[in-house]
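> Each chain, letter by letter, is given below.
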Amino acid sequence: MVEEALISPKTQTCFHCGDACAEDEIIFDEKSFCCHGCKAVYELISQSDLNQYYNNQDLRTRKMDNLSGSERKFAFLDQQEVIDEILRYRDETRSVVKLYLAGIHCSSCIYLLEHLPKLDQRVFAAEVNFIRKEITVTFSHDTSLRELAVLLTSLGYEPTINLDSLSDSQKKTKRSSIGTMIAVAGFCFGNSMLISLPEYLDVGFQYETTFKSLFGWINLGLSLPVVLYAAQDYYKSAWSGLKHKYLNIDVPITLGILTLFLRSLYEILTGTGPGYVDSLNGLVFFLLVGKWYQGKSYQALSFERDYRSYFPISATRLVGGQEENVMLKELVEGDEIILHNHELIPADGLIVSGDGKIDYSFVTGEAEPVKRLAGEKVFAGGRQIGGQLTVKLEKSVNNSELTQLWNQEKSKEEKHQYDTLIDRVSRYFTVVILLLALGTGIYWNLTDPTKIWDSVAAVLIVACPCALALALPFGLGHGMRVLGEKGLYLKNANVIERLAKIKEIVFDKTGTLTKNDPLGISFVGRELNQKEETIIKSACANSAHPLSKLIVNHLGDKLEKLPISQFAEEIGKGFVSEVSGIEIKVGSAQWVGQTEEKETQESRVYVKFGENHLGYFSIRASYREGIFDKLTELKNHFALHLLSGDNETEANNLSPYFSQIHFNQKPKDKLDYLQRQNESTLMIGDGLNDAGALKSAEVGISVCEDIHQFSPACDALLQADSIQLLPMILRFSRSVMWAVIAALILSFAYNIVGLSFAVTGNLTPVISAILMPVSSITVVGFITLVVNLVGKRL
Amino acid sequence: MSVIIVLIGFSLIVASGFLVAFIWASKSGQYDDDYTPSVRILFDDEPNQTVNVNDRNSATSRK
Numbered sequence: 001m002v003e004e005a006l007i008s009p010k011t012q013t014c015f016h017c018g019d020a021c022a023e024d025e026i027i028f029d030e031k032s033f034c035c036h037g038c039k040a041v042y043e044l045i046s047q048s049d050l051n052q053y054y055n056n057q058d059l060r061t062r063k064m065d066n067l068s069g070s071e072r073k074f075a076f077l078d079q080q081e082v083i084d085e086i087l088r089y090r091d092e093t094r095s096v097v098k099l100y101l102a103g104i105h106c107s108s109c110i111y112l113l114e115h116l117p118k119l120d121q122r123v124f125a126a127e128v129n130f131i132r133k134e135i136t137v138t139f140s141h142d143t144s145l146r147e148l149a150v151l152l153t154s155l156g157y158e159p160t161i162n163l164d165s166l167s168d169s170q171k172k173t174k175r176s177s178i179g180t181m182i183a184v185a186g187f188c189f190g191n192s193m194l195i196s197l198p199e200y201l202d203v204g205f206q207y208e209t210t211f212k213s214l215f216g217w218i219n220l221g222l223s224l225p226v227v228l229y230a231a232q233d234y235y236k237s238a239w240s241g242l243k244h245k246y247l248n249i250d251v252p253i254t255l256g257i258l259t260l261f262l263r264s265l266y267e268i269l270t271g272t273g274p275g276y277v278d279s280l281n282g283l284v285f286f287l288l289v290g291k292w293y294q295g296k297s298y299q300a301l302s303f304e305r306d307y308r309s310y311f312p313i314s315a316t317r318l319v320g321g322q323e324e325n326v327m328l329k330e331l332v333e334g335d336e337i338i339l340h341n342h343e344l345i346p347a348d349g350l351i352v353s354g355d356g357k358i359d360y361s362f363v364t365g366e367a368e369p370v371k372r373l374a375g376e377k378v379f380a381g382g383r384q385i386g387g388q389l390t391v392k393l394e395k396s397v398n399n400s401e402l403t404q405l406w407n408q409e410k411s412k413e414e415k416h417q418y419d420t421l422i423d424r425v426s427r428y429f430t431v432v433i434l435l436l437a438l439g440t441g442i443y444w445n446l447t448d449p450t451k452i453w454d455s456v457a458a459v460l461i462v463a464c465p466c467a468l469a470l471a472l473p474f475g476l477g478h479g480m481r482v483l484g485e486k487g488l489y490l491k492n493a494n495v496i497e498r499l500a501k502i503k504e505i506v507f508d509k510t511g512t513l514t515k516n517d518p519l520g521i522s523f524v525g526r527e528l529n530q531k532e533e534t535i536i537k538s539a540c541a542n543s544a545h546p547l548s549k550l551i552v553n554h555l556g557d558k559l560e561k562l563p564i565s566q567f568a569e570e571i572g573k574g575f576v577s578e579v580s581g582i583e584i585k586v587g588s589a590q591w592v593g594q595t596e597e598k599e600t601q602e603s604r605v606y607v608k609f610g611e612n613h614l615g616y617f618s619i620r621a622s623y624r625e626g627i628f629d630k631l632t633e634l635k636n637h638f639a640l641h642l643l644s645g646d647n648e649t650e651a652n653n654l655s656p657y658f659s660q661i662h663f664n665q666k667p668k669d670k671l672d673y674l675q676r677q678n679e680s681t682l683m684i685g686d687g688l689n690d691a692g693a694l695k696s697a698e699v700g701i702s703v704c705e706d707i708h709q710f711s712p713a714c715d716a717l718l719q720a721d722s723i724q725l726l727p728m729i730l731r732f733s734r735s736v737m738w739a740v741i742a743a744l745i746l747s748f749a750y751n752i753v754g755l756s757f758a759v760t761g762n763l764t765p766v767i768s769a770i771l772m773p774v775s776s777i778t779v780v781g782f783i784t785l786v787v788n789l790v791g792k793r794l
Numbered sequence: 001m002s003v004i005i006v007l008i009g010f011s012l013i014v015a016s017g018f019l020v021a022f023i024w025a026s027k028s029g030q031y032d033d034d035y036t037p038s039v040r041i042l043f044d045d046e047p048n049q050t051v052n053v054n055d056r057n058s059a060t061s062r063k
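From first to last, the protein sequence lines stand for chains A and B. Reminder that position 150 of the first sequence reads as 150 in our numbering, one-by-one numbering, no gaps. Reminder that position 40 of the second sequence reads as 40 in our numbering, one-by-one numbering, no gaps.
Hints were generated in silico from the structure; no laboratory data involved. In this text, a Cβ means the ideal position worked out from N, Cα and C, and glycines have one as well. Mixed in with the good hints there might be a few duds.
[As the list claims (entries may be wrong)] Below are the DMTMM-like pairs computed for lysine to aspartate or glutamate, each with C-alpha atoms no more than 20 Å apart in a straight line:
{"no.": "1", "chain 1": "A", "residue 1": "Lys296", "chain 2": "B", "residue 2": "Asp33"}
{"no.": "2", "chain 1": "A", "residue 1": "Lys296", "chain 2": "B", "residue 2": "Asp32"}
{"no.": "3", "chain 1": "A", "residue 1": "Lys329", "chain 2": "A", "residue 2": "Asp355"}
{"no.": "4", "chain 1": "B", "residue 1": "Lys27", "chain 2": "A", "residue 2": "Asp233"}
{"no.": "5", "chain 1": "A", "residue 1": "Lys98", "chain 2": "B", "residue 2": "Asp33"}
[Said to hold, decoys possible] Facing chain A, a subset of chain B residues (Cβ under 8 Å, in silico):
{"no.": "6", "residue": "Ile5"}
{"no.": "7", "residue": "Val6"}
{"no.": "8", "residue": "Ile8"}
{"no.": "9", "residue": "Leu12"}
{"no.": "10", "residue": "Gly17"}
{"no.": "11", "residue": "Phe22"}
{"no.": "12", "residue": "Ile23"}
{"no.": "13", "residue": "Trp24"}
{"no.": "14", "residue": "Ser26"}
{"no.": "15", "residue": "Asp33"}
{"no.": "16", "residue": "Thr36"}
{"no.": "17", "residue": "Val39"}
{"no.": "18", "residue": "Arg40"}
{"no.": "19", "residue": "Phe43"}
Please take these sequences and the hints and turn them into a complete structure.
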């Protein structure tokens, strides 16, 4: 953009924002600025010796979105109620706030934002978290939250403040607590190993009995933090499983932990033995590491967005002719609200005054704004474009159609909670172990009753499925990382397991198979002059056919519309009309009397003036590169479906690849369609219009050009360029699951070896202390190796 | 041999010290962001006049 400016000095670009300067260019300091806002920011930046900002090309070309509008836009930040919800901390002199800035994208951003105190003396400190795109600002009460937001916007970093950002901050605490748990368990594990060392090396090392009992007591002390604190999640999970009448993997784990602990307690208290404290601590440590690894997900990406992420926090309510800002949740039926240009309709309502031109692309994916006049109904999620609009609400925010679509969905996580591979295995595993313990007890009761408790406890200890519980987290964790390198970002590792079961794939068209700019139109033939274009536009404007509408849009708004004197349309062929005394025929090749070319990848609309063939409009969707090859590949293994919100223009191109194609699908239709599917279905879509479908599919993948941008709630985000890797991704998921199964078999082998010691009553603490870590480490090593090898071959 | 008791006592105290230090660091958010500090350290404290003059001198002398 900058180079262009150099070549043609006539069109100056703004030194600050990079936009082209209109007639009212401002010259300041020998530099051009497009508006006073840019000039002011330049002054601010240069005064504060922050000129490095301008050395960065990316930053310079950033648009400063309607600076003047931001004052009004952030008006809601003056409400005490909003302030209270957003601020993290507040005392007499200062406040701390954490804001999400979508614009943060490079190190210059960090530079500029962290120098905020230089730009505005009333800001005390600013700290950026680049990964999360967050800034933590400490500011004095001389300035306000609103002024801060405007300042950030003027720098090109508009803070995103919406309903969603009010209700997060819970997620993080959970992860940091697992870190603490691992630290505690690791500390206790290491030290108890050291303390137990003399016991392992018992041969020839005669130490006094006082040491023996002292070491026992220290060990016991080291086991308490593990049993009481670090392992608590396993008890909770096992208990909630039992309450729902499921034997999940945590049941045998809990059983093992408790047996180990009670057994050690008994041995140490009575002085009969050293106990199994080191095995116990090691077990919990390894399990927690596995859990942490599996939970390692992409922090910076958001998979949980629903309508709340898109809705603003407040709206402008009209009360007795006065405008006031209110929180969205306070809006009730019957309130009148004012919508300005580019504001979102928060709830269903009727237009009271103003001309509505409403862009529902957010809801339906339909790009064309629709006109609504006073008295007509508007739905939540639409965006007003143009002038001011007064709307009387008929429903509250939570009862509007759009929000209902989201709320009626039951959580998929709930559905899948007890259906993972490991839980299915452990259901049998637990039963077998309990039977085995019982059998051992009965056997020893008949032969040597003194050994009953020893051997039963040994069975429960050795059967504790440590290696089993580690195979899945590590397998899936590695798989997730490999996929991340390829451009597919999973919400959590369990998605791989569901991906491996996919039988059918449902595609959305626009934005998924095609690029976001849906249709490319060009005129092929001799060049049209303005008069001809005007005539074509005037004629096409009368046709209801989707292609005619596209042509009208293509020719643009500048052309006036001429009155037509005749119009006759034949559905599916074309129309004939008369404009300004010229007969014009528009339609298929056959309609205008030309020979039709077969095998075209585009739709053609021919134009004929009187007897002159002018040429044709070529209309083609810009499909993503290589998509058809991949569809052919996928077709051999999966049933493919297509749901498109568009009309049938592309039907011919697509029908060879899909077993079912449905056009003109509304968001609700897509949702219903997905809910009717019996087989495991993968939904691939992009827009919010797919949100319901993405959520109700077994796996919902959202395709996006930029993964940090807004995307609907989904299980995985797929980078748009990586969509051709889809067949590979599905194959890889299956391989990962096979690798996990192999690792499970390996861990069963260890269990059988251990059990053979246990049932015969020969399990000494040393054997248990060796067997437990060795089995865990080999299983983890095995799965790591296999998954990475498979990943390399991708 | 009884010196072992003292040794073990000491080693446990030292080890617990590290454990507490780690927990404190983790709770105070030092592991939350592992990228930004690596960029932040590269920023010059104050790109003030003297530094600029030096830069300009070295640039011209090179020419």
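> Check the hint pairing Lys27 (chain B) with Asp233 (chain A) against an upper bound of 20 Å on the C-alpha distance.
Holds. Lys27 (chain B) to Asp233 (chain A) sits at ~19 Å (cutoff 20 Å).
> Would you settle whether the hint for Ile8 (chain B) is holds or violated, based on the nearest Cβ-Cβ distance to chain A being less than 8 Å?
Constraint on Ile8 (chain B) satisfied, holds at 7 Å.
> Under the criterion of a CB-CB separation shorter than 8 Å, is Ile23 (chain B) in contact with chain A as hinted?
holds (5 Å)
> Between Lys98 (chain A) and Asp33 (chain B), does the CA-CA distance stay at or below 20 Å?
Judged against 20 Å, a Cα distance of about 14 Å means the pair holds.
> Hold the hint about Asp33 (chain B) up to the distance rule: shortest CB distance to chain A must be less than 8 Å.
holds (5 Å)
> With chain A as the partner, please determine if Val39 (chain B) meets the hint condition of a C-beta pair closer than 8 Å.
holds (5 Å)
> Hint validation: Thr36 (chain B) versus chain A, beta carbon distance must be below 8 Å. Holds or violated?
Holds, about 4 Å.
> Any CB of chain A closer than 8 Å to the CB of Phe22 (chain B)?
Holds: closest Cβ of chain A sits about 5 Å from Phe22 (chain B), inside 8 Å.
> Straight-line Cα separation of Lys296 (chain A) and Asp32 (chain B) no greater than 20 Å?
Holds: Lys296 (chain A) and Asp32 (chain B) sit about 13 Å apart, inside 20 Å.
> Holds or violated: Val6 (chain B) as interface residue toward chain A, Cβ cutoff 8 Å?
violated (12 Å)
> Has the given pair, Lys329 (chain A) with Asp355 (chain A), been kept, meaning a C-alpha gap of at most 20 Å?
violated (26 Å)
> With chain A as the partner, please determine if Trp24 (chain B) meets the hint condition of a C-beta pair closer than 8 Å.
violated (10 Å)
Hint compliance for this structure: hints 3, 7, 10 and 13 are not met, and every other hint is.
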